[in-house]
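> Protein chains in written order, with my numbering: chain A, 1 to 412; chain B, 1 to 240.
Don't take every hint at face value.
One side of the interface only, derived from the structure: several residues of chain B facing chain A at Cβ under 8 Å [said to hold, decoys possible]: (1) Ala2; (2) Arg82; (3) Ala148; (4) Ala150; (5) Gly165.
Calculated lysine to aspartate or glutamate pairs in the EDC-like style (CA-CA distance at most 20 Å, straight line) [to be verified]: (6) A:Lys370 with B:Glu207; (7) B:Lys112 with A:Asp382; (8) A:Lys370 with B:Asp225.
Everything labelled a hint here was simulated from the structure, so no lab data went into it.
Here the structure is a predicted model, which is why all the values come from computation and not from measurement.
The C-beta atom is built at its ideal place from N, Cα and C for all residues, glycine as well.
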Amino acid sequence: MTTEESTISPLQARLDARGVSRRTFLKFCVAIAVMAGLGKAAAPDVAQALEKSTSGKLLPVVWLELASCSGCTESTAQVTTPDIASVVLELISLNYSETLSAAAGVSLDKARTDTIAAGGYVAVIEGAVVRGWDGNGLRIGGMKGTDLVKETCEKADAVIAVGSCAVDGGWQAGYPNPADCCGVTEFLKAEGISVPIINIPTCPVNPDWLVAVLVDYIMLGKLPELDDKNMPSLIFGESIHDNCPRRGHFENGEFVYQFGSVEEEKGYCLYAVGCKGPQTYAKCPITRWNESISWCVEAGSPCIGCANADPTRTTRNWVDTMTPFLKRQRNMRIGDLYFQAAPVAATVTGIVAAALVCHGFGMKAAGRTKGGADFEPIRTYDAKKLKQAGKEAPTTPINEGNVEKFTKGGDE
Amino acid sequence: MAHLAHYRESHPLPFVITHWINLVGFILLIFTGFYIHYPFFPNFMSQARGVHIFFGFVIVINCIFRVVAAFFIKSAPAEGTRTVETDIHSWLPQKGNRHQLGAWIKYYLFIKKTHPLGAKFGVPQKISYGLIPFLILFMGYTGLCLWAPAQQVGFFSAGITLLGGLAGVRVWHYVFMWVFIIFIFIHVYLANIEGLSPTFMMFLWKEHPGLTYDPETGTITGYDDLGGSAPKTEAAPVAK
Ligand code: SF4
Ligand code: SF4
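Just chain B, with the same shape it has in the complex:
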């Protein structure tokens, strides 16, 4: 059993909020999206469309804010440390990620027994998180292509033609929603399979004791019990 300490520095408050917005937005968008795709119960269409369009804008704006903020807000480049640097560093390949893609894959395939060292995000995580803003923007764009008031604006009508007419855009928007759902499944799974402490951090901003890590040297440096008396050997998996 080993896991790194979860400090607030790794997920500064603004990002906890954007994550909340994403969670609520995605759930509402996916539900209303399914409804608009096929109204499986009556009397809800204008509400579904209203919510869908509103939260579509919310998610896109939230995404743009999140990406821009990454250049201004500082966060810890790894778990297990309170040192901070500009958040965007956590998104780009970091020193701690180097040569670790294979290690991660082997770890998840049970070939490698020990937990790979890394930066805040492992390599597969980093690749998928890095693609999410593009996915959100693509969903926003195709969504607007399907929204009548935008359809005849050149920027969107060009995309409609490119993606095979409105019938084609519908399919793209729909299929990529499923890509989103797959991402969410994997994301939720990987974030929680080794204990729920990352979730408590992300949603409730609750710190959790664990090993400390030095992003400079890329090594484990010790243990932080957060001033409490958490047992060292039987690391409490769930913050209670």
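Excised from the complex, chain A in its bound form:
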């Protein structure tokens, strides 16, 4: 029985059992191959590798859930609608998951420590690390969450941070961040634990991207190509805006200005209602969500920029930098005061303009508007110098009328 537990039946049979045709499966492999950076041509290899690995040893995975809403687990498990991705996810042996594991209590924790002891596993982290209250803000099985992360990540072959919270704190780290939450990268760096990290933001994580990363790892035994934020470049290398099906409307200047309007019905661009697509880099329009059925903008919601992340700067979590969701520009904040740059800048400029107008009246009253005041005959500083030297400095202001008198009369 124990051997059966660590292997699974041939993939095709499992796909058949779920009503997934070979054709659909291959299409899925193409998508995975592209996301994993192998190119379309590698799709058959992916299929083969997936089939082969179904009879081989499974990749042990420890899935920690920290400060999170379980959305990423939900998204990945898609329990109500099992699809190919969930089948592929059976390529891994999910040894520990607080939400999904059948086991509980001491035996579950033992599964985790056993996996760590055996080595050769991948740690998947969902949710933010809670540093507040000396790490006691989040305790699991009597253990501080922070210790749990340290223990689990230290010996892992790789750490995959799924969802924005695990990447840079996400929602949980939004100002004022009372629980002092942060992402895995920042936490492990501070703890001096160096382990390869793959960041997959978005809220929740797109399961297909996690699968692509896992396939890449299982097949090639290496991490996908990462950018400077350790995010897979092929997934986060293009903007939402560049692949958006509403882009034509954007270029034509056809915008939704109000929800419930005719423009919205026509499927116009959501830029004017705050779409963050132009400043968000992710493959959402290509991969789409929920078994590739749709995605935010297609479903009628402006992109809220959940793929924006900065793993080393908690304060740049996507919630702080992308809100208000329905405004063009992010909020500025001084202390606890939030404001939009536009009205403040316009007010300051207005004040300057008003001041200039007032000054203008002053200039007019002083009779300077018709050519300026008379010139000082000598710079004040030079006049002082002259006086100090016991000489006399000229005092009569110079203008067009008297200039010749002074300049000809040997003024120096």
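Following the hints, complete the assembly by docking chain B with the ligands onto the known chain A.
Just chain B with the ligands now, kept in the frame of chain A:
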């Protein structure tokens, strides 16, 4: 009433042209920039972006040309004189500016009754003009950070990270546009409040009679009626 004669030497033709380019460019950039920030009327986005990006390059190139040209083209170091020296001297502190910052501030606050003597630009003017090229380059840089084709070039992506991600760059680019607008207000005000002759000089290259000034000694030397019969006491404020 007193003002210095405006000679073409103070604003050589190339600089009249770069000033024109700036004027047209700024107006178009500010308008299309507001539109891109929020499309307040429909059906104009690709045109707005096209104009904005094109004139963004024009302004940056114009700015670089203007600064480089300052090292080669000669201009008068002060109004009221036809003597010329390399233009860059007018940008750096000149002898005529020395100890005059306080005088200028006092003059504009109506504490000082007489017009301070100076070089071509007064001290506050010089400081703000000197900062403008940096402002233009900053706008050009942040503008390119927001332009998709440049976003992933290392030189720009580094700046994007530094300035707080694309959302942050947007705010910087936007707020500094307002700084520009404030500058333009003050600039237009100060250039014209004592008469429109500087504007006629700058845009139409039209000279205007007035007092003459010797940049060597830093003193007023006489009056030049440009061979005309402009009245001396009631100095005509507007060149007609
Ligand atoms: S809906 Fe958003 S992402 Fe799509 S074209 Fe408009 S602004 Fe760009
Ligand atoms: S479209 Fe935008 S809001 Fe939606 S998942 Fe992608 S990045 Fe997040």
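> Now tell me if each hint is right for this structure.
Each hint, compared with the structure:
{"no.": "1", "hint": "Ala2", "verdict": "4 Å, holds"}
{"no.": "2", "hint": "Arg82", "verdict": "17 Å, violated"}
{"no.": "3", "hint": "Ala148", "verdict": "6 Å, holds"}
{"no.": "4", "hint": "Ala150", "verdict": "13 Å, violated"}
{"no.": "5", "hint": "Gly165", "verdict": "6 Å, holds"}
{"no.": "6", "hint": "A:Lys370 with B:Glu207", "verdict": "17 Å, holds"}
{"no.": "7", "hint": "B:Lys112 with A:Asp382", "verdict": "16 Å, holds"}
{"no.": "8", "hint": "A:Lys370 with B:Asp225", "verdict": "17 Å, holds"}
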